[in-house]
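Asker: Line order of the protein sequences matches chains X and Y. Here the first sequence is numbered in the working numbering, starting from 1 and rising by one per residue. Here the second sequence is numbered in the working numbering, starting from 251 and rising by one per residue.
I should point out that these hints are in silico values taken from the structure, not numbers from a laboratory. Treat the numbers as computed from the prediction; the structure is a model and nothing was measured. Please note: incorrect hints may appear among the correct ones.
[To be verified] To give an idea of the interface, some chain X residues facing chain Y are shown, with a C-beta separation under 8 Å as derived from the structure: (1) S161; (2) I162; (3) T163.
[As the list claims (entries may be wrong)] Computed Cβ-Cβ distance ranges for the label pairs, DEER-style: (4) Y/A340 to X/E111: 46 to 54 Å; (5) Y/V329 to X/P17: 28 to 36 Å; (6) X/G131 to Y/S395: 18 to 26 Å; (7) X/G11 to Y/E338: 14 to 22 Å; (8) Y/A355 to X/G18: 54 to 62 Å; (9) X/Q146 to Y/W311: 29 to 37 Å; (10) X/H187 to Y/R497: 39 to 47 Å.
Glycine is no exception: its CB is placed at the ideal position from the N, C-alpha and C atoms.
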Amino acid sequence: MAETALARLSGVVVRYPGRSPIGPIDLAVGPTEIVALVGASGAGKSTALRLLAGLEAPTTGAVHRPARGKATGFVFQNPTLMPWADARTNVALPLELSGVPAPEARTRADEVLAAVGLGDRTTARPRQLSGGMAMRVSLARALSIQPGLLLLDEPFAALDSITRRGLIEDLHRLWADRPLAMVFVTHDVEEAAYLAHRVVVLSAADGRPVADLPLPGPLPRPGDWRREPTFRDAVEAVAQALAAAMPEAA
Amino acid sequence: MKRLTDALPALLLTALLLGAWEAACRLLDVPVYFLPPPSAVALALVENAPVLAGSAAQTFWMAFQALMVAIVIGGGLAVAVSLSRPAEQAVAPLAVALQVTPVVAIAPLVLIWAGLDHADRAVIALAAAVAFFPIFSGVLTGLKSADPDLERLFDLHGATRLQRLARLRLPSALPFALEGIRVAAGLSVVGAVVAEFVSGSGATQGLAWRLLEAGNRLRTAELLAALVCLAVLGLVLNAVTTALQRRALALRT
Numbered sequence: 001m002a003e004t005a006l007a008r009l010s011g012v013v014v015r016y017p018g019r020s021p022i023g024p025i026d027l028a029v030g031p032t033e034i035v036a037l038v039g040a041s042g043a044g045k046s047t048a049l050r051l052l053a054g055l056e057a058p059t060t061g062a063v064h065r066p067a068r069g070k071a072t073g074f075v076f077q078n079p080t081l082m083p084w085a086d087a088r089t090n091v092a093l094p095l096e097l098s099g100v101p102a103p104e105a106r107t108r109a110d111e112v113l114a115a116v117g118l119g120d121r122t123t124a125r126p127r128q129l130s131g132g133m134a135m136r137v138s139l140a141r142a143l144s145i146q147p148g149l150l151l152l153d154e155p156f157a158a159l160d161s162i163t164r165r166g167l168i169e170d171l172h173r174l175w176a177d178r179p180l181a182m183v184f185v186t187h188d189v190e191e192a193a194y195l196a197h198r199v200v201v202l203s204a205a206d207g208r209p210v211a212d213l214p215l216p217g218p219l220p221r222p223g224d225w226r227r228e229p230t231f232r233d234a235v236e237a238v239a240q241a242l243a244a245a246m247p248e249a250a
Numbered sequence: 251m252k253r254l255t256d257a258l259p260a261l262l263l264t265a266l267l268l269g270a271w272e273a274a275c276r277l278l279d280v281p282v283y284f285l286p287p288p289s290a291v292a293l294a295l296v297e298n299a300p301v302l303a304g305s306a307a308q309t310f311w312m313a314f315q316a317l318m319v320a321i322v323i324g325g326g327l328a329v330a331v332s333l334s335r336p337a338e339q340a341v342a343p344l345a346v347a348l349q350v351t352p353v354v355a356i357a358p359l360v361l362i363w364a365g366l367d368h369a370d371r372a373v374i375a376l377a378a379a380v381a382f383f384p385i386f387s388g389v390l391t392g393l394k395s396a397d398p399d400l401e402r403l404f405d406l407h408g409a410t411r412l413q414r415l416a417r418l419r420l421p422s423a424l425p426f427a428l429e430g431i432r433v434a435a436g437l438s439v440v441g442a443v444v445a446e447f448v449s450g451s452g453a454t455q456g457l458a459w460r461l462l463e464a465g466n467r468l469r470t471a472e473l474l475a476a477l478v479c480l481a482v483l484g485l486v487l488n489a490v491t492t493a494l495q496r497r498a499l500a501l502r503t
């Protein structure tokens, strides 16, 4: 994995004023790998994502980001759409910012919206969309640039569980159509085990990866996967690793 | 219909106050130069309607021009300053200094600069100086109010300053700018009246001049009539800018 990694954090430490430092973090992501990051709140999961996105610089250590031409998409905790713009304009934004002419960007935005099941809502404003739909638009926006690396920061945490499951199936389907690397931050153990090829557990104390668990089974998951003993075992293993990563007092 | 019921309490209170005023004047035999009854004020309003309307129009026109000047300078400066942190740090204290200096105090100076023959220019400049701050600070606050995650998204995709300004910060600033304009519209009338007062002696023919003139002649009913005009002017401006604000925000979201 190390040789073929698309993105990598090597011995990365981040210091924020007045807080204990995060790291050192070592983390490699393969070109078509889905990695779930789990850990307590404040364990540095979002920091790891922002480092991988190049939105934040490490105090020490090296960040290896995808080469030019392999764009990075980012999905935030909230849909984070521009309320004054319709779905199409929101999705076309990253394309236009990277220099794609507006008419072409809009056509491609419509295609991506159709791919996430919102082909009929291209002119809807964010306030006219449900929480799940808004998140789909947000996902479409991240995918519009055909990223090589997709970073998702607890994207479905605010949604109900049915909507959340639907979105995860969509992610798997999109991944199967066009495999890409994904790093998915979550604090939901079952979601992590269902979604990813690999779950990395971060220490609650300093954000260091303390467990790296490969998950069995094919992606996308078969229909009854959540009832399979292999899946239940994997969930249990992740839960135990997460419990071990928590501070003693908790 | 709904609006009428909303306005009912205010109308009732106004009627009640006017009634009490009228009754007090009659029962207590208050001299008219001291406090004329509302009926006398109403009469003065009707008798002086053409003059008052002309003066109100002039005050409104000067306040309006001042507001436009304040929007262009205040908004433009806020946008320019938002592009550079040092520029903001340099300009902000000066803007506050302008805000806390009473307009009356700088009026004589501005009048000298404008020239006594051009008192109207001085009035516009002074009213604009008063209206400047709410627009400047509103737009500046608004430009910095964009969703931090959206700012990160613009970072991620390598947006230029201009792209960030046009596609993220200006739309985010719109509600703040409109609120600033609403406040500034009221202040521009205040500024215009104060400036007219200071320039004095009929150099301008706005409502302030009517107030001064009626006051000097102890024509208290005419003075109050001019005040009523001024209040109506302020209320109309407030209603117009509030409607503008609602309309623009409805289009935006």
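Asker: Starting from the range 54 to 62 Å, see whether the pair Y/A355 and X/G18 falls in it by beta-carbon distance.
Answerer: violated, 45 Å
Asker: So the hint says 28 to 36 Å: do the beta-carbon atoms of Y/V329 and X/P17 match that?
Answerer: holds, 31 Å
Asker: That 39 to 47 Å hint for X/H187 and Y/R497 (C-beta), does it hold up?
Answerer: holds, 43 Å
Asker: Does X/I162 hold up as a contact with chain Y if the rule is Cβ-Cβ below 8 Å?
Answerer: violated, 25 Å
Asker: Note whether the CB distance of X/G11 and Y/E338 lies within 14 to 22 Å or breaks it.
Answerer: With a Cβ separation near 38 Å, X/G11 and Y/E338 fall outside 14 to 22 Å, so the hint is violated.
Asker: Holds or violated: the 29 to 37 Å window for the beta-carbon distance between X/Q146 and Y/W311?
Answerer: Roughly 57 Å apart at Cβ, these two residues miss the hinted range, so it is violated.
Asker: Closer than 8 Å between Cβ atoms is the bar; does X/T163 clear it against chain Y? Give me holds or violated.
Answerer: This interface hint is violated because 20 Å lies over the 8 Å limit.
Asker: Hold the hint about X/S161 up to the distance rule: shortest CB distance to chain Y must be less than 8 Å.
Answerer: violated, 24 Å
Asker: Can you let me know if the beta-carbon spacing of Y/A340 and X/E111 is within 46 to 54 Å?
Answerer: Given a distance of about 48 Å, which is inside 46 to 54 Å, the answer is holds.
Asker: Do the Cβ positions of X/G131 and Y/S395 conform to the proposed distance bound of 18 to 26 Å?
Answerer: holds, 23 Å
The structure shown violates the earlier hints numbered 1, 2, 3, 7, 8, 9.
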